[in-house]
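For this one, chain A is given, so just place chain B on it according to the hints.
Chains as they are written, first to last, in this note's numbering: chain A, 1 to 338; chain B, 1 to 523.
Honestly, the hints are just simulated from the structure, not real lab data. Don't take each hint at face value.
[Said to hold, decoys possible] Pair by pair, the computed Cβ-Cβ distance ranges are:
#1 B/Tyr149 with A/Pro45: 18 to 24 Å
#2 B/Gly29 with A/Ala138: 45 to 51 Å
#3 B/Ala404 with A/Ala138: 52 to 58 Å
#4 B/Gln370 with A/Tyr4: 15 to 21 Å
#5 B/Asp194 with A/Tyr4: 51 to 57 Å
#6 A/Val324 with B/Val505: 56 to 62 Å
#7 B/Val505 with A/Gly193: 44 to 50 Å
[As the list claims (entries may be wrong)] Using 25 Å as the maximum straight-line C-alpha spacing, the simulated SDA-like pairs for lysine to any residue come out as follows:
#8 B/Lys195 with A/Glu192
#9 B/Lys400 with A/Gln64
#10 B/Lys467 with B/Ala492
#11 B/Lys195 with A/Gln64
#12 B/Lys467 with B/His433
[As the list claims (entries may be wrong)] Covered by chain B, according to a simulated footprint, are these stretches of chain A (three or more residues, beta-carbon under 8 Å):
#13 282–293
#14 298–305
The structure displayed is predicted, hence computed values, not measured ones. Even glycine gets a Cβ: it sits at the ideal position worked out from N, Cα and C.
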Amino acid sequence: MTLYVAKRLALGLLVVVGVLILTFVIARVVPGDPAASWVGPHATPQELAKAHHDLGLDKSVPRQVVDYLHGIVVGDWGVSIHTKHSVLSDLASRAPASVELVVAALLIALALGIPLGLASARWRGRAPDLLVRFAAVAGVSMPVFWLALILQLIFFQKLGILPVAGQYDPNLDYTSPLAAHTHMAVVDALVEGNWPVLWSALQHLVLPAVVVAAYPLGVIARMVRASVLETLGEEHVRMVRALGFPERAVFWRFGLKPALNPIVAITALVFAYSLANTFLVEAIFDWPGLGSYVAASTQSLDTPAIIGVTLLIAIVYVVSNLIVDIVQAFLDPRIRLS
Amino acid sequence: MHRLVLVAAAAAVVLTPFALGATSAATTGTFTYGTYTDVMVGWDPSTSYSNEILAMQNMYETLTRYDSRAKKIKPLLATSVAKSKDGKTWTFTLRKGVTFHTGRPMTAQAAKAAIARTMKLHQGAAYIWDAVKSIATPNPSTLVFHLKYPAPLDLISSADYAAYIYDTKAAPAKQLPKWFSAAHDAGTGPYTIDKYAKGQEVEVRLKSYPKYWGGWNGGHYTRVVYRVIPQATTSAQLLRAGEISFAERLTPQLRDSFKSDKNVTVTSQTSFQNLLAMMNTASGPLADKTVRRAIAYGLDYQGIVASLHGGGTLSHGVIPPGLLGHSDSITGYPHDPKKATALLKSKGFGPGGKKLNLTLTYTQGDTDQQLVATLIKSNLAGLNINVDARPLAWPTQWDKAKSADKSKRQDILVFYWWPDYADPYSWFINLYHTEKTPYFNLSYFSNPRIDKMIDKAPSLTATNRAKADALYQTLQKQLLQDAPSVPLYDQAYQRTMLKSVGGFVENPAYPNVVFAYDLHPAA
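Looking at chain B on its own, in the form it has when it is part of the complex:
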């Protein structure tokens, strides 16, 4: 027996010192962002199109920034924007006294060089500049864009990707991609790279750029750290211990566990991303509009939203709130099984009729989509519709949808859509405009009248936003009638963060980005 006591005593002696260093609170002045996957996929600001946006938006700046709450463009590197009446000439007046992290001044010539390089490389979201014919620099603080056709350049220049202004002379042109990928940055933002540890849990560290044009008076974080934590439970533990300041995404159960925690806040904000069910309008049973409408009536949207525990809100048309053309007055299909049954009956389907077999594909690894697919299956089962729901890796899902052989395509495809700048055009041109060979229009929808309306939208947005707003509303109502797709819900961002982090505002135009400079650390 005395041996056991000895063992216990030894264990206590060995373990006690651990208590001292186990929970060290985050260093004051450091904002630690907990994300769930690698941050720095790309380093080149011209081609960046992935998760690196989290850090990039703190190292680089754009000419303008979109304010989703005011639905307005705010100045950033440009202090003002003027457009010609036809929406084809846009003049940006640049902020003076701004320097890149390389030390060189940010001038109109430098800004032009950055955008020109993005356009030339034409990767990622670079297509947003396709309307630009030429860029002129009449003086060091004026940038003039001449366009091929009217386009909302003030919105485009605020894009989350492909709109960074950076120093193209940071390295000789040919070596620039290599220079960037060796973990360098050449932006004008408040933070610059401090240390990068590829594949490590603390992947990226940023430090303040002392010469930042905004200055460093008045309480800002001086260090920003990105920590990769694949497991949500671990993320929650680290937040509880104060080792991270902010958790990008937790599960509903974990979020609820913080409700009584006086050191942690949970925020929620609808994003610019929605989940859509694209129905096959070209072949199979859903080529019939009546059957599509029956499906739309058969789905329990409220139930889907409820099952997400705050991860989504009810859609009002295709366009999420905070964007041009969104209107709460547009209501989608209500959940009406009786109406669905009647419509199905008219085509010989439904309870008591022929059984309808449909295939549905969704993106593998996305638990929200998995949940929604299950709900769709159970909703439609009551209408004598059997849904074969298949999770597929995105490249596989997309390949199947694009099959030349129509019989190999799915009946319903579930996927997310979001715009590459704060404008709804992206949904319409990509998802609903006629395509000769399918690319993103994965309901294979074609309606010449709708095509014409879509074609009018960009120039109207550039010249008359009120009219563009009305056009987008009409478009959405028409699309509800034709039912090529149903929006299932608008995704909501739910963040969990320490109460000591002040001044956080979610801006869905920059998905998952925290602008660390705008935060106030508690003293």
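So that you can see chain A by itself, here it is in the shape it has in the complex:
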């Protein structure tokens, strides 16, 4: 088992380094001098030349890659060109909000997706199944920005029951100030016992989380349905049926458990996917996550920031894959052999 994990870990590391070098080289090959963004719009030629040197852009690309890799190891991810802050501190202040949003969305997706998938499988071909399958396809294929705007229109403008944007009501900062421990408003408010902020933060979380949840919800519901149906068609289930177990027991006791195995894998992957795909939702709901940061970075050729975000997402992907591999190896020893 240790050897298996070590092998997976080494492979993951290789992937991260590969992604890093590739992004770095692509970023450097793209024409345009990032120093031009650094110095501001009307800088003098001297200032531009100085910035070019200060940012290390006058060195050869291999030399820059080595410097950058060294920096990563010692915890220096460079300085963002458009915010002029350290990339690591930028990520530390923005990633938690994205994580909070995605975790909330996944909880919604799991809480709804699994029962819906089960219902769909249980009444296969009948009204509940058709309904769930339609909803799942809609969830996966609906453009998020459209869904976001529609929900804002209904729940904020027409009904006035949910806030339109932000993490919590900014006026609460004067009446019940919140210290930022994790930059996740819900968690910080819980830690501090700050109930007004917690209440406000939960309200603010509902709409964006529902929008982000739409895609994973569809994927999970379909996955559960397919997986349960596949298990129900297997030989051991046929035998259980032959032994005279009632249909309810066949479904819940013998069909469900093995069917849930792939859900673990899909959840981890959907987490990493959602983290990189909440950008539009974040922009619409004014959510202070990675989204707006990446958008601004690409427009100013902010290579340190772009590479930093890429690296972070690559690490999340590799780590969640690793967790999936380990969990599945535990559940199913056959995986280690292959």
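Same frame as chain A, but now just chain B:
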């Protein structure tokens, strides 16, 4: 069926309490500015050169302030300015009883130290002080600048960037940049930093500085909040709910949606920024003046302005209104396809002639520029000119324009220009003065006669503004003849704000800044 009813009832119970806290109006006495991108890029008042101007101009003050409506300099930290006849010695008398937010008094020595540090660091817009040879402080309330050559120092000292007066002793000299970047300010302005939350949607909060020299009698906002809202639709929703007081920029459709809203006003004011099409005068087909003039006649300026829905006004020469040298009597090229066709025909191009292929670059991410590029393409298509319009990130666009290999440069480059202080010199020295290697003169234009006229402008502005005004008008007419570039439109600022915000005046000399102290909140 009864299950469905239960679900609906449960949903109602869960959702109803949300109604209570969902729309809380902005706290009275708080002015909330809705912007679309991060505010605090830099914190150091000497090197600041970005969006932080929104907050900085409320925390810091300059010696003078430019009044774009009166086209005049107004006192601020300096109560009066006097100049010598040759325009090389400028004496500022400073306001008494002003303190920095650090508690120290604002004296001539302190003001000198701030400007000297800006000049020494020489970043951002610090070049505006390049004419200064030395600064003397004969007494605590007198600041005397001795210049190397005549320059309009009263205008320079009112600049939007690099002209802040601040306490250089807020921290030991070496630690000062670090001290600033830890979210501190050391200005004399009406507001001081209250809370900074990097990367958060409510990024900056300012509070009133109790000892502000202007005093706090007579209704002022006591808190100023900057909220970052990247999406215009969201911004509009927040304004409608009263959660922000002011939206920096909305789309034309969203602005129109407020027309019947009795709680919201929309204002419009021409800015000091214009969009220019720089034509390649050094190589390619546009090196020929006749072809350039044909292009200038071929563009539908009225159509461009109309498509912006109030986001721009027709240009009168290179200089936008509110600045020296602007004159409504200068008219640019009219849209005259017949004349354009005739000029093109004389060179073998145009309908029925050879096809003309041109590359055009514009800045990626700017929807106005994208729109204009599309219009240019369609205007010129009728003249048998094919325009290959490419959106590029600014560093890439600029790099291509500066290529040593002339064949790699574009034929037309679209970009904005604006001055770093309220004076038109910036357009001429940067865009039209001969450059050995191209930097900002991206039409690669060179005309020794025009160079000479440009060189005369700063000293004339310092000594005789009427003559400088006439010189700038002549320059613009000459440039229209040579057609190295065409101004496409003067940009207009359109703000959407709550009616309860009183006293707002747009001052294009300080782009996008709202001087919150000058506003009157409705009681």
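Okay, the hints, checked on the actual structure:
{"no.": "1", "hint": "B/Tyr149 with A/Pro45: 18 to 24 Å", "result": "holds, 20 Å"}
{"no.": "2", "hint": "B/Gly29 with A/Ala138: 45 to 51 Å", "result": "holds, 46 Å"}
{"no.": "3", "hint": "B/Ala404 with A/Ala138: 52 to 58 Å", "result": "holds, 55 Å"}
{"no.": "4", "hint": "B/Gln370 with A/Tyr4: 15 to 21 Å", "result": "violated, 52 Å"}
{"no.": "5", "hint": "B/Asp194 with A/Tyr4: 51 to 57 Å", "result": "holds, 54 Å"}
{"no.": "6", "hint": "A/Val324 with B/Val505: 56 to 62 Å", "result": "holds, 60 Å"}
{"no.": "7", "hint": "B/Val505 with A/Gly193: 44 to 50 Å", "result": "holds, 46 Å"}
{"no.": "8", "hint": "B/Lys195 with A/Glu192", "result": "holds, 19 Å"}
{"no.": "9", "hint": "B/Lys400 with A/Gln64", "result": "holds, 23 Å"}
{"no.": "10", "hint": "B/Lys467 with B/Ala492", "result": "violated, 28 Å"}
{"no.": "11", "hint": "B/Lys195 with A/Gln64", "result": "violated, 37 Å"}
{"no.": "12", "hint": "B/Lys467 with B/His433", "result": "holds, 20 Å"}
{"no.": "13", "hint": "282–293", "result": "holds (count 8)"}
{"no.": "14", "hint": "298–305", "result": "holds (count 4)"}
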